[in-house]
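Chemist: Chain by chain, the residues:
6 protein chains.
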Amino acid sequence: MFRHTDHLQFDVAPEKPDPVYAHKLQELIGGTFGEMTVTMQYLMQGWNCRLKGKYKDLIMDVATEEIGHVEMIATMIARLLEGAPATDSTKNAAGDPVVAAVMGGMDPQQAIVAGGGAMLANSNGVPWSGGYIVASGNMLADFRSNVAIESHGRLQTARLYHMTDDPGVKDMLKFNLARDTYHQNLWLAAIEELKADGLEDTIVPNDLMDVEHAEHATSLWHLSDGADADKGRWAYGVAADGRHENGFLADPVPLGSAQAGPPPDPKLYATYDGAMGEPRTPALGTEKGMLGKIKDAVDPDKN
Amino acid sequence: MFRHTDHLQFDVAPEKPDPVYAHKLQELIGGTFGEMTVTMQYLMQGWNCRLKGKYKDLIMDVATEEIGHVEMIATMIARLLEGAPATDSTKNAAGDPVVAAVMGGMDPQQAIVAGGGAMLANSNGVPWSGGYIVASGNMLADFRSNVAIESHGRLQTARLYHMTDDPGVKDMLKFNLARDTYHQNLWLAAIEELKADGLEDTIVPNDLMDVEHAEHATSLWHLSDGADADKGRWAYGVAADGRHENGFLADPVPLGSAQAGPPPDPKLYATYDGAMGEPRTPALGTEKGMLGKIKDAVDPDKN
Amino acid sequence: MFRHTDHLQFDVAPEKPDPVYAHKLQELIGGTFGEMTVTMQYLMQGWNCRLKGKYKDLIMDVATEEIGHVEMIATMIARLLEGAPATDSTKNAAGDPVVAAVMGGMDPQQAIVAGGGAMLANSNGVPWSGGYIVASGNMLADFRSNVAIESHGRLQTARLYHMTDDPGVKDMLKFNLARDTYHQNLWLAAIEELKADGLEDTIVPNDLMDVEHAEHATSLWHLSDGADADKGRWAYGVAADGRHENGFLADPVPLGSAQAGPPPDPKLYATYDGAMGEPRTPALGTEKGMLGKIKDAVDPDKN
Amino acid sequence: MFRHTDHLQFDVAPEKPDPVYAHKLQELIGGTFGEMTVTMQYLMQGWNCRLKGKYKDLIMDVATEEIGHVEMIATMIARLLEGAPATDSTKNAAGDPVVAAVMGGMDPQQAIVAGGGAMLANSNGVPWSGGYIVASGNMLADFRSNVAIESHGRLQTARLYHMTDDPGVKDMLKFNLARDTYHQNLWLAAIEELKADGLEDTIVPNDLMDVEHAEHATSLWHLSDGADADKGRWAYGVAADGRHENGFLADPVPLGSAQAGPPPDPKLYATYDGAMGEPRTPALGTEKGMLGKIKDAVDPDKN
Amino acid sequence: MFRHTDHLQFDVAPEKPDPVYAHKLQELIGGTFGEMTVTMQYLMQGWNCRLKGKYKDLIMDVATEEIGHVEMIATMIARLLEGAPATDSTKNAAGDPVVAAVMGGMDPQQAIVAGGGAMLANSNGVPWSGGYIVASGNMLADFRSNVAIESHGRLQTARLYHMTDDPGVKDMLKFNLARDTYHQNLWLAAIEELKADGLEDTIVPNDLMDVEHAEHATSLWHLSDGADADKGRWAYGVAADGRHENGFLADPVPLGSAQAGPPPDPKLYATYDGAMGEPRTPALGTEKGMLGKIKDAVDPDKN
Amino acid sequence: MFRHTDHLQFDVAPEKPDPVYAHKLQELIGGTFGEMTVTMQYLMQGWNCRLKGKYKDLIMDVATEEIGHVEMIATMIARLLEGAPATDSTKNAAGDPVVAAVMGGMDPQQAIVAGGGAMLANSNGVPWSGGYIVASGNMLADFRSNVAIESHGRLQTARLYHMTDDPGVKDMLKFNLARDTYHQNLWLAAIEELKADGLEDTIVPNDLMDVEHAEHATSLWHLSDGADADKGRWAYGVAADGRHENGFLADPVPLGSAQAGPPPDPKLYATYDGAMGEPRTPALGTEKGMLGKIKDAVDPDKN
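Going down the list, the sequences are from chains Y, H, X, U, E and V.
Each residue of the first sequence is one higher than the one before, starting from 168 at the first, in the numbering used here.
Each residue of the second sequence is one higher than the one before, starting from 168 at the first, in the numbering used here.
Each residue of the third sequence is one higher than the one before, starting from 168 at the first, in the numbering used here.
Each residue of the fourth sequence is one higher than the one before, starting from 168 at the first, in the numbering used here.
Each residue of the fifth sequence is one higher than the one before, starting from 168 at the first, in the numbering used here.
Each residue of the sixth sequence is one higher than the one before, starting from 168 at the first, in the numbering used here.
If we strip away everything but chain Y, and leave its shape as in the complex, we get (with noise of 0.2 Å):
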């Protein structure tokens, strides 16, 4: 369960308005990697965290900071949004190029639908979509994609930074970037920390090491004609696993069979010239099941 105070997490005051600014803000909101996508896959990896303690802990008190970081966002863009010109008619605007342009360059929406408001979408306005989050229940997994994110997210901020001149907006972005270098150390440390406590390794999942097929386990596969892809260390020496070796293959073959669809059913009408035979009849209805055994003692007429 929630509490909120009214309070925002640090102070959101820009100078004077600037709505195209509005408009490219909404990234940091409703984008890949905005507030909206740290906040609901923190809170549905807390959720679905197997774990108590540690873990779990923290993860809930990053999950329910960033929600505020939502709160914080879109208060920004409301007062960016102030005094827009979004009211003028365009037949001002096209006698002002100053106006004309700054309309070119604002979020229709924010003023049409959000009424001089945020918009739950990115800097495109292509809605916030919940297919963002990562939150697969594998912790080693789920906090590599956290250290991703702060870090695109981190790097979205900063550029954003260059573009405002607004010492408000500056302050409130200076605040940010700290968070996210601060969230990238954290979720480093987590991931570390993961390994310190011997429930993860550097391979996830940590499993099917002797399954897979190990030869294929090393090597890079040389398929594009740079000269230089042997000259990192992704291909010699002893590989990030402590386990396997690094390797180069310079002259790939295809080890496989050549590309062909089965024989299609005639009843989906596959263009088809018989050349492959027919095609197989549906095995799993007529395979001896439990059901096939029953059918066969109850009705045996039934084909």
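Please note that a few of the clues may not be correct.
Where chains are identical, the list cannot tell them apart; a pair therefore holds if satisfied intra-copy or between any two copies.
Cut-off 30 Å, straight-line C-alpha distance, at most; resulting in silico cross-link-like pairs (BS3-like, lysine-lysine) [said to hold, decoys possible]:
1) K183 - K341
2) K337 - K398
3) K337 - K362
In case anyone wonders, no lab produced these hints; they're calculated from the structure.
These figures come from a predicted structure and were not determined experimentally.
Given the structure of chain Y, go ahead and fit chains H, X, U, E and V onto it with the hints provided.
Modeler: Coordinates of chains H, X, U, E and V only, in the frame set by chain Y:
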């Protein structure tokens, strides 16, 4: 430019059809972490790479391999659908629970739309989206995403490995598991190489450290009531970047003022009682930039 | 079955082209509350209606009108695009800020994809989705959605009314505003009629009142720290359904136990330390339903 | 800013696993009217609210409660999946129709992607979308949407109530039903309060009544051939807004001219025979606004 | 403007319910090639048509028919769902494999969301999208798309015809098959008519033939290793346009230089070693267009 | 399996940056008819092809070429973005209308997300979708889609050709135009070859002609009021399939009974007055199939 050989990278030979499993395998072709995603993620990263030499060559080698993996999974799905009872009538199915059960687990579009082939969609039928891929130009951020995606890829492959007994399917998955093992090692090595070459450091992007609010770059805000959030290395000791000290803020208070939107533009009809005053006049259209100065000179009467 | 006349329901005659406004008008054809949504929402409600007579007839009348509104907006957009500088080169545009500004605010797909016509998308270019519509079979729930959608429809139309000075465009919008006024009144009347006819009451669905946990059906949980949440009628007095008393829970405490997932299936590789014990054996496959009994009788050796 | 306690708002304790039901419950977390939608709809309405005091406080109280409902449903789904036969092989399933049947009704992504947890998607696996939410700034329009969404929410919960016999699941749903009852009453009360406070009236937005074409604001256009469309109160008597008289247009004729696009720009290659004449010259780039005047003065030779 | 009659274009009378088939039929209402697509594709083509007379009249006739097909399929789905065991509990289902099997193949949203009616989605539950339709203004391109969509429509209908034994369903499908046959003939005739009328020719658009690099307009690049790609008429003889000679490039070499991005803007933090030099200064802002000249004159000190 | 060379198929050398045009070019990489679509459409068709020899070899040759076109457009976009004023602050932009205008027409995600590279999205920023492609197994249906997509591809390329004056961009587009010309001729030839080889005929699929309701396979239903719908060859003479006579139904009447849903299941709470009687009992679970018979024998007391 690309070239293609009809031979598959590895053998794709299921022992017999299994339409329910063909449905599940869609996750590996069109899911968030499926072969389409690694293919297009690596291709776009390679084309967007601003370095010449080993890194670009590496990315293009792996990217080109992955197109062949889409080919393998698409072929496997078609072969698993051979003889599937897609065109049996529902009436028969209802009389034969085994068939009915199988049909309940089938992907209707593999029959109706693809005529017995793979869709470019996940195991719930949601089409693959270009929004899944990550290619930011920053190679540390991107390689971290690559480690994560290969981790999830091997995780999902391992889960699917347990969902079939078909030795032919298992044989192909053993190859895929091995490649995913190597690719995790590969991107981990590439991350170290980036640092060794002095191109990137621990925090993405490697900049604005002196600008961000440093006092907020070090501690976990304790916003959930779990008792153990301070027990991990993220809460004490030197951070992964070697620059900060990890910390813990046990009793955080919000630093910002109360959340509130600005006074609304009356032409947008947000419900309002006037308590926060009139909204600002649209700012950008009236301030004196170059155009404003010119307008005043040429056409002083125009407002 | 439908019939069509080439004459528009109302005149659609802009005085002159305005491609920036044509972009914004997309919201009224393909936005969440645009004409496509009301058209398909009412059609699906009408076809899903299980009553014969006035309600079904009403819905089909309005639904059929709305197809004609899609026609009107699509026509308006095409006419606003006449002579739009879509094919002027960017180079010329850069030398003429007015043109450049206009081009910045245009919808590129109206030119590149539709050849100077409307798209079936909103003002940010996101395609209309069948997921927008509501047709549940429960007419009280659906008519409430209809009141809401007509309210947002008129709201967005009013906002757009202020964004143009073209008398021809304004004339069409005055018609749309009037229809949206009537349609709000219409659905409000239909809701009252449903109650007067004894088909529905205040709460949807009109059932399970005696089953639900009645003690939780009456009060606002005070989970944010605003001071005035108990000042409105939702916090005291008889509720709208005439059955409950509204209330206020000033200091709520959670009623449930700690959030936690169950012990995970090891074959799914959720990170786990075993602290919660083994997961249950898959339950549904082993319990003795009809099939289990039969299996035991016919094939006792099979596990 | 938010805080979280690990205790759930209400108990979530299914008696035993039921993976088919876990699939259906996805509708209540990630469907159009699921808990994610109410959560984000209310949060965005609260942050976009331009009033201080009771309305904003109300919205934030309810919004904060709803995050906890996402938590409850996500937990329920994970617990319903405990011991689900996700990793049994299809081969075994085909021999055991009960298992096969259950697997046919499972959500493959709950196992393959989420590792035995909830997805942020609906019961057909479509990811939740930020496009579902409504936060326009106009509180009457928004509260009407809120009444509708709580009506659909209770309706879907009631339908799902009949699809399970598990007493633990039913117990949680009885809580959800009760909250949905209160929330319908709550928003109905809030709508009355808005009117009592003089902030809004019956028609949204409360403006442009004198501008719209009043003669079209009163009658149902009879465009389908049902005989009873004029039998309801929408067709006679005083309208809900107390301002108009409802009416019925039994034999409507179109008021507009024939539908037609303008003559097309030849560079866009719409098929055309020239019958409607040449398209207008692009208007906005050549008309004499400020820039045009300046260009003429400074660079008269440039066309 | 449209009118509606309550009578269906053709009879829709299934002999008995079949919820699994109702699920599959969703493809014909909300799939890529379903009735929603043809309806909106033809409506938008008709409204975007720039010719008056037979072509526009043809398109509007067919478009209007197709709305009635959406009506037919939606009605069929509702009738196939009558008496579907949607509200039986899962527990009972698990004890009755036939019911369980059927439930596994049902669309959960048809019950939970639509209350026993059709969704506006495909057979995997993905909502219909406005992005499916094609209305470019160029009628040859559009009519080719129409031939294709009617071909896929009849193909899917034929596949579905084999998936049922219900004589009532088959009767309706026989009507649909017939209409799809005629509509293929119709659009093939319309394509010939466009050419006969001199409005379009073989290649779309009928322009820029003298501008394109003619030497690349004639031959298949042999980039895969199949041996027979030159055996078809695409590789020799006069082309369909009567203008080119088809050919075959047996051993193609790339004509372009090496793929590479430009040097990156340092403020965007693409990983870079400086090897390709500094990026260009932003060009468009500094070049001397009209504004540049004016700025130099009025405000020479501003950079 | 695939191989890659770093050399582009054709030169990609813009004379100078043009970020507005880079935005528009997104349509050719990630739009419905962009290079991603042809690439994946042809790959999936090739892998799903059930013929060996010339058709499969043809498809794989063209498919492999198209991956290289994605590469070309992605490279062109990155080069057009060199030096784009992405990181200039909005404040400066507002003072310089040329810069502001350009920024208004830029794709914010190309800077913020891709760091100066291409997105896998269309010109409105909507991500590419796997739902765009067509690969049905029926090669006549698919090749007709291929003719259509190449027609739209060349149409959009021609439109974009007029939107730039950059000789380097135009040079690449001249190559693309030529390939699209050949590819239209190619698929038209392949369609004729399919017929010449006796694999397919005019109507898709080439079956069920004797089953469909032949009397409805021949005439245009005149449902709109245009006067000339019977003036084209679709309304008279022998049809394209050589089998039917085209016709015209001047005054069509509906053939079906009145539209209505069945009586609803009370547990789904559709509004209902009982006028159509009780809904049928769920049929499939109770009818006597094999399981029913067994249940009666083994457990006669169970209902």
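Chemist: Compare the structure with each hint and give your call.
Modeler: Now the hints, each set against the structure:
1. In this assembly of identical chains, K183 and K341 lie within 30 Å of each other by CA distance solely inside one copy; the values are 18 Å within and 35 Å between copies.
2. For a Cα distance limit of 30 Å, the shortest separation of K337 from K398 qualifies neither inside one copy, at 41 Å, nor across copies, at 34 Å.
3. For a Cα distance limit of 30 Å, the shortest separation of K337 from K362 across copies, 29 Å, qualifies, whereas the shortest one inside one copy, 38 Å, does not.
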